[in-house]
Amino acid sequence: NSGAVAVVEGVGQHGCEYMTGGIAAILGPVGLNFGSGMTGGLAYIQRSEMENVLNGEFVQSHELEPQEESCLRALIEFHRQCTGSPRAARFLAQRTLHNFVRIQPIHLQESLEGVWRSFSGGVRDPVVVPAPVPLPVPASSAPHYA
Numbered sequence: 090n091s092g093a094v095a096v097v098e099g100v101g102q103h104g105c106e107y108m109t110g111g112i113a114a115i116l117g118p119v120g121l122n123f124g125s126g127m128t129g130g131l132a133y134i135q136r137s138e139m140e141n142v143l144n145g146e147f148v149q150s151h152e153l154e155p156q157e158e159s160c161l162r163a164l165i166e167f168h169r170q171c172t173g174s175p176r177a178a179r180f181l182a183q184r185t186l187h188n189f190v191r192i193q194p195i196h197l198q199e200s201l202e203g204v205w206r207s208f209s210g211g212v213r214d215p216v217v218v219p220a221p222v223p224l225p226v227p228a229s230s231a232p233h234y235a
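Start counting at 1 in the sequence shown, then tack on 89, and there's your number in my numbering.
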């Protein structure tokens, strides 16, 4: 990830490897060597998933800031709306996202707010996610009637 926003249900080994920017929210399992080579951006994983998988040479975990939690909640809600994810719905039903932690490079070169500002109004304002736009159906896919 070098600048995108991604919400996924889980990642295998080497998740967020060489990540240079952007935001990744992982709602499920996390494989070994997470964050290896990560120099920018932010990742969010469940606290229970981070044991023995983080590459400590590159990343460290932090508790969520209160305003950051509202941004993460908005991303998870957008994912739920687009996919119907039961996993996302379970997280959203909880009062807080206390079970998530922020994973960031040891030497984060941008402020927390700066990373979020690229995708919204920063951590002080909720994430503004555009409504999904339906993709056009190619003409060749349209049914042909004789």
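Hint data in this document are derived by calculation from the structure and do not stem from the laboratory.
Glycine included, every Cβ here is placed at the ideal spot set by N, Cα and C.
Each hint should be verified, as a subset may be incorrect.
To be verified - What follows is a set of in silico ranges between Cβ atoms, one per label pair, in the way DEER data are often shown: (1) Gly-101 <-> Gly-145: 15 to 25 Å; (2) Gly-173 <-> His-196: 32 to 42 Å; (3) Asn-141 <-> Arg-206: 27 to 37 Å.
To see whether the hints hold, each was checked on the structure:
no.	hint	in the structure
1	Gly-101 <-> Gly-145: 15 to 25 Å	holds, 19 Å
2	Gly-173 <-> His-196: 32 to 42 Å	holds, 39 Å
3	Asn-141 <-> Arg-206: 27 to 37 Å	holds, 33 Å
Hint compliance for this structure: no hint is broken.
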